[in-house]
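Chains as they are written, first to last, in this note's numbering: chain A, 1 to 279; chain B, 1 to 189; chain C, 1 to 383.
Calculated from the structure, these hints are not laboratory results.
It is possible that some hints are incorrect.
As the list claims (entries may be wrong) - Derived pair list, reagent style EDC-like, types lysine to aspartate or glutamate, alpha-carbon separation capped at 20 angstroms:
hint	chain 1	residue 1	chain 2	residue 2
1	C	298	B	116
2	C	252	C	238
3	C	260	C	214
4	A	16	C	207
5	C	212	B	188
6	A	16	C	226
7	A	258	A	185
8	A	16	C	214
9	B	185	B	81
Only a predicted model underlies this, so the values are computations on that prediction, with no experimental measurement involved.
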Amino acid sequence: MEETCELLHPIDRWLKTERMPHIWCPGCGVGPTIHAWVRALERVGIEKEKVVYVSGIGCCGRGSGYLDVDGFHTTHGRAIPFAVGLKLANPELCVTVISGDGDLFAIGGNHFIHACRRNNDLLVICVNNFIYGMTGGQLAPTTPHGGYSTTSPYGNIEHPFNTPHLADAAGAVYVARWTSIHVRELELSIAEALRMKGFRYIEVLSPCPVNFGRRNNFPEPDAMAKWFAQSSVIMHGADTSKVAIDMGKPIILGNFVKREGKPTYYELLRKLEEMRRKR
Amino acid sequence: MRRRARREVMFAGFGGQGIITAGFIVGRAAAVYDNKEATLTQAYGPEARGSTCYSGVVIDDEEIDYPYLLNPEVIVVMSKDAYEKFLPRLREGGILIVDSSIVKPDDRANKFNVYEVPATEEAEKMGARIVANVIMLGFLGKVWDAVSVEALRESVKSTVPRKYLDLNLRAFERGVELGEKALQKRVEV
Amino acid sequence: MGKAVLTGRHFWYGNIAIAEGAIAAGCRFFAGYPITPASEIAEHISRRFPEVGGIFVQFEDELASMAAILGASWAGVKSMTATSGPGFSLMMENIGLGVMMEVPVVVVDVQRGAPSTGLPTLTAQGDVMQAKWGSHGQYEIIALSPESPQEAFDLTIRCFNLAEKYRVPTILLASESVCHSAGKVVVPPEEEIEIVYRKKPSVPPDEYLPYKPDEDLIPPMACAGEGYSIKTTGLTHDERGYPDTTPEAQEKLVKRLNDKIRMHREEIVEVEEDFMDDAEIAVVSYGQVSRPAKRAVKMAREEGIKAGSIRLITVWPFAEHIIRKWAKQVDFFVVPELNYGQIYLEVKREACGNAETILVPRMGGRLITPEEIYHEIKKVVGR
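Generate the whole structure from the sequences, applying the supplied hints.
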């Protein structure tokens with residue numbers, strides 16, 4: 001009988017391997033981001049059965065279907081409120097939203113700031129590739145000023161969101177920014193966030209060679225990754241109002257905000273219930 | 001064509017007088033404590049305080065086919081504007097109960113069965129003009145047979161905030177007393 | 001813990017009756033956004049939920065509210081939202097997701113005058129077709145329409161039961177005149193209230209396929225955190241819940257989503273028939289219009305007119321078998337509605353030319369009276 005030797009990738013137990021290959025393009029940062037998230041889950045030791053992955057629409061949206069955890073691929077922009085409902089209804093679950101910049105900050109922007117404000121107990125990871133990738137490269141609320149897209153063919157006249165600043169201002173208890181090539185730092189940052197409660201936000205800058213790079217002077221598949229590598233400056237605790245992304249200027253990365261002691265929405269709700277019962 | 005069992009009362013005044021609450025107490029009295037059918041409807045507008053408002057209660061022995069007032073037989077009026085606005089809706093020969101501290105009925109009221117109740121003055125004597133509506137409820141219970149005084153009293157108890165219960169019950173009994181006197185007077189005349 | 005079922009006799013506004021019906025049905029998650037004339041439902045729930053261990057969240061809009069109740073239902077908690085026309089329009093997006101993911105939730109639409117902002121404080125029945133067709137694509141849904149505060153209580157419970165049984169967003173198509181009026185509501189003892197829960201998987205997680213239906217076309221539902229590694233998506237999917245964007249998968253899935261309701265139509269549809277045995281004229285009504293309609297029929301009977309009443313308690317799926325049956329007996333269907341002809345067209349379609357269908361439209365703002373409907377019946381007699 002022929003002997004076979006099965007080689008397992010360390011995160012195989014988290015994957016629906018029969019679903020591979022995935023839909024993401026070569027050079028994309030979604031895969032490395034999910035990889036970092038899974039490694040962080042392992043590192044923190046979270047039980048797989050309790051892990052829930054909620055996604056919206058876009059390239060990131062598909063991620064929830066590739067993992068061997070409860071996965072909810074919802075509607076465009078609504079991953080956060082869906083996740084808020086799910087987590088409140090079963091507080092035992094470890095709920096993460098991984099979605100794109102368009103999903104979280106254009107159509108879903110309102111939900112993002114309100115979940116921050118309420119301090120709903122969620123980890124939200126935004127894979128920011130500066131563009132609408134899946135639909136073919138249209139302008140995003142994160143496209144740099146002057147950037148080219150299929151709907152800003154003469155250059156973007158809008159000003160992009162500085163998403164860590166937005167999260168900070170709206171009250172998120174954890175705010176960080178990494179890129180998909182800073183896999184080690186990203187994993188540690190996610191692990192740190194997973195150990196906390198409340199609304200935690202991590203922005204992960206990601207290459208989109210096909211739909212952003214190609215139109216914005218990053219013609220090679222690895223050009224955006226090189227841009228991240230060359231322009232990144234790590235400044236933990238940086239003032240989030242000063243970390244806006246501007247092409248040609250340094251990209252500030254780091255773990256920016258960590259607020260201790262702010263009660264979550266759920267904790268306050270239970271307290272209220274307690275008060276009501278005593279009356 | 002309307003069946004006799006259908007009974008209708010309207011409360012009208014301005015926002016803040018407890019016009020809706022008065023209607024609610026009557027409806028609850030009839031439905032919960034007299035175990036009849038009752039509906040309460042009210043004028044909903046964006047404004048809450050100071051503007052003219054009304055509530056309407058329909059009481060019936062069987063299922064109420066139309067929850068809104070069609071032809072009120074009693075109108076309890078607690079403001080001049082409400083008098084002007086709603087008097088034309090009162091059924092011929094109907095009962096008009098006016099808060100005489102606020103409204104003086106004119107000739108147009110002659111064709112109705114008019115009761116003048118100084119509800120606001122009486123309430124002020126008790127130290128709270130806010131209970132004028134409950135005085136009116138006690139009065140209504142005496143002069144109108146569609147809902148019982150006992151049911152109204154129970155309904156007042158279960159509707160008003162606990163800390164104002166005594167005040168409201170005193171107001172209610174004062175209304176009942178005024179109602180009795182008014183009826184006696186009619187008999188004497 | 002406070003009492004969940006307030007057994008006894010009450011005098012409640014329709015909105016309070018809906019909130020209490022939801023609590024009695026086991027609803028413990030409510031997400032909503034303030035809107036006239038539905039806000040009292042949220043207000044009452046926000047006061048009552050802390051007494052019964054429920055979770056109330058006022059969201060930033062109706063888009064979020066609808067998404068949140070889907071999430072909460074996936075966590076195994078019976079969930080509801082309540083709104084009126086403008087908010088109902090926003091909810092359509094995730095009502096579609098609820099249909100596609102087969103999520104048991106209840107959506108209350110307290111209809112008010114429309115289009116657009118319309119008449120915020122006044123009544124209408126303009127959202128009937130929206131309830132059926134409002135989200136994009138071909139789907140079947142369940143909608144019930146209460147005629148009174150008592151029925152608002154009863155039907156809210158039934159909405160939860162149907163949603164749980166058929167795994168579909170179920171709509172309580174209420175109206176301002178029912179919800180902003182108070183009436184007698186009798187709440188039965190807790191043990192007399194029938195409560196239905198969603199079907200759970202009977203196979204171990206490694207054999208479980210989240211969208212493999214049983215013979216009744218309804219798949220058992222595992223919830224998040226139960227170890228079933230659920231996969232679900234708004235994309236067309238296969239029985240594993242994996243996206244399968246092929247015409248074959250579309251054919252299979254969308255057909256089943258529709259058929260699971262259609263094949264149970266006679267079970268779901270509830271109508272109330274009065275004086276129909278020898279009726280020659282049938283007044284077909286639903287919701288708030290039914291009370292004046294039934295009275296009008298009685299008035300006609302007193303005049304010797306052979307009128308009857310068909311009241312659609314279930315608006316969707318449509319009672320087509322009922323209309324088809326009576327079309328063979330009656331000469332006329334008279335359809336009073338607070339719109340310009342929505343259920344009228346359904347009745348007309350199912351009458352198949354066997355009976356003439358006459359619309360009695362009112363655009364909303366006020367409820368039609370028994371006399372007005374009676375007058376229309378008289379006009380029909382004269383034909």
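Verification of the supplied hints:
Of the pairs offered as hints, the one joining residue 298 of chain C and residue 116 of chain B is violated, with about 40 angstroms between alpha carbons and a cut-off of 20 angstroms exceeded. The straight-line distance between the Cα atoms of residue 252 of chain C and residue 238 of chain C is roughly 9 angstroms, inside the 20 angstroms bound, and the hint therefore holds. For the proposed pair residue 260 of chain C and residue 214 of chain C, the alpha carbon gap of about 10 angstroms is at most 20 angstroms, so the pair holds. Taken as a hint, the residue 16 of chain A and residue 207 of chain C pair is honoured in the structure, with Cα atoms around 15 angstroms apart against an allowance of 20 angstroms.
Under the criterion of a C-alpha separation no larger than 20 angstroms, the hint pairing residue 212 of chain C with residue 188 of chain B is inconsistent with the structure, at around 83 angstroms. Under the criterion of a C-alpha separation no larger than 20 angstroms, the hint pairing residue 16 of chain A with residue 226 of chain C is consistent with the structure, at around 18 angstroms. For the proposed pair residue 258 of chain A and residue 185 of chain A, the alpha carbon gap of about 16 angstroms is at most 20 angstroms, so the pair holds. As the CA atoms of residue 16 of chain A and residue 214 of chain C are separated by approximately 25 angstroms, the hinted pair breaks the 20 angstroms bound.
Among the hinted pairs, residue 185 of chain B with residue 81 of chain B is inconsistent with the structure: their alpha-carbon atoms are about 29 angstroms apart, more than 20 angstroms.
Figure legend: structure checked against the earlier numbered hints; hints not met, in rising order: 1, 5, 8, 9.
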